[in-house]
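Q: In order, the protein sequences belong to chains A and B. Residue numbers for the first sequence follow UniProt numbering, so the first one is 1 and each next one is one higher. Residue numbers for the second sequence follow UniProt numbering, so the first one is 1 and each next one is one higher.
Hints may contain errors.
[Stated by the list, open to error] Listed next, the in silico DSS-like pairs over lysine-lysine satisfying Cα-Cα at most 30 angstroms (straight line):
hint	chain 1	residue 1	chain 2	residue 2
1	A	K161	B	K187
2	B	K187	B	K139
3	A	K161	B	K139
Since the hints were made in silico from the structure, they are not lab data.
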Amino acid sequence: MPPPPDLLSLFLHFLSLSLLSIGGAITTAPEMHRYLVGQQHWLSDTDFTGSIALAQAAPGPNILFVAVLGWNVAGPAGAAAAMAGIMLPSTTLVLAATRWAREHQQARGIRAFTQGMAPLTLGLIVATGWLLAAPYVAAPEHRLATLALIAVTLALTLRTKLGLVWMVLAGGVVGALGWV
Amino acid sequence: MAGERAAPQDLWALYLAFNRLALQGFGGVLAVAQRELVDRLGWLSRAEFLEVLAVAQVLPGPNVVNISLMIGDRFFGLRGAFTALAGMFVLPCAIVLGLTALTGQFLHQPLVAGALRGMGAVAAGLILATGLKLMGGLKANVLGRSVSLGLAALGFAAIALLRLPLIWAVLGIGGLGMALAWHRLGKD
Numbered sequence: 001m002p003p004p005p006d007l008l009s010l011f012l013h014f015l016s017l018s019l020l021s022i023g024g025a026i027t028t029a030p031e032m033h034r035y036l037v038g039q040q041h042w043l044s045d046t047d048f049t050g051s052i053a054l055a056q057a058a059p060g061p062n063i064l065f066v067a068v069l070g071w072n073v074a075g076p077a078g079a080a081a082a083m084a085g086i087m088l089p090s091t092t093l094v095l096a097a098t099r100w101a102r103e104h105q106q107a108r109g110i111r112a113f114t115q116g117m118a119p120l121t122l123g124l125i126v127a128t129g130w131l132l133a134a135p136y137v138a139a140p141e142h143r144l145a146t147l148a149l150i151a152v153t154l155a156l157t158l159r160t161k162l163g164l165v166w167m168v169l170a171g172g173v174v175g176a177l178g179w180v
Numbered sequence: 001m002a003g004e005r006a007a008p009q010d011l012w013a014l015y016l017a018f019n020r021l022a023l024q025g026f027g028g029v030l031a032v033a034q035r036e037l038v039d040r041l042g043w044l045s046r047a048e049f050l051e052v053l054a055v056a057q058v059l060p061g062p063n064v065v066n067i068s069l070m071i072g073d074r075f076f077g078l079r080g081a082f083t084a085l086a087g088m089f090v091l092p093c094a095i096v097l098g099l100t101a102l103t104g105q106f107l108h109q110p111l112v113a114g115a116l117r118g119m120g121a122v123a124a125g126l127i128l129a130t131g132l133k134l135m136g137g138l139k140a141n142v143l144g145r146s147v148s149l150g151l152a153a154l155g156f157a158a159i160a161l162l163r164l165p166l167i168w169a170v171l172g173i174g175g176l177g178m179a180l181a182w183h184r185l186g187k188d
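The following block holds chain A by itself, in its conformation from the complex (with noise of 0.2 angstroms):
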């Protein structure tokens, strides 16, 4: 048998992670799994994946993958547990970093490193966008149709004012009814 979770383990893990996640919570995923699945067998691995797909489908932050991981670990205070976590160090940092830059915004340095680093902040969001792409690009019985929809959401995007969600929205149906 499993040991039962318990909630601070789970939290000081989640903690321990925070300062971990640049480039968003989903860089830690590999070791969330390590510990949850593959140390504690709190989870499966079935339900490790399907808990970051629901997140990824639901409206919102995609961090909120960490609530949905520390609900199925230990209900409504698991994913209290876990969510606390992994927030409470990287926002404390954020608003003192902020803050300071702010005081100081005519700063060389600080000019320096928010003109310097914007490139590469542009080239990553690229590549995210990439990244996320390649999955359904990469199977051939839905390279096409998956191009496709990028290209129509592209064009969609850039072309006309139409809500983002709606075109989401459409994206499942168009999902569900196996065209893509």
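Given chain A's structure and the hints, the job is docking chain B onto it.
A: Here is chain B on its own, set in the frame of chain A:
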């Protein structure tokens, strides 16, 4: 902030704005954040959004969560930061946990898997479109357009093609960008 730019009237307006953008964010919020905060509300220019995003990206935590904290703080201080954060989280968290409690076991049915695939492909397209739009924000960059685009292309190659850990892209390409910007700023 530029003097004439629009701003939220009060905390409630701030809450509603972030609540609205979070609820539209199926498969990720970044594309919606750009559309809402820059295109619709006009609280930030594209260049400002890109600057906020650059900082949000290199600090720990999800970039959209960091954006909500930074923008809330910018308008209303600490109260604003937590109001924007609440807008981003309260309702979406209730929805996703409700879905977890109700539908976890349906995730692997073909209909649901197909819907998730369609939504995922659109979400990827939205992020790509956001990147293309934000390229306009580089016009104001002190590095100049061609150097900026070159660094962006290097960043894309490092992460998407070479799959380097993010920290190396930040230290290498980000560091190069910062050094060049430091040099150019010294000439003003």
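Q: None of the hints should be skipped; say for each whether it holds.
A: Each hint tested on the structure:
no., hint, in the structure
1, K161/A <-> K187/B, "violated, 41 angstroms"
2, K187/B <-> K139/B, "holds, 19 angstroms"
3, K161/A <-> K139/B, "holds, 23 angstroms"
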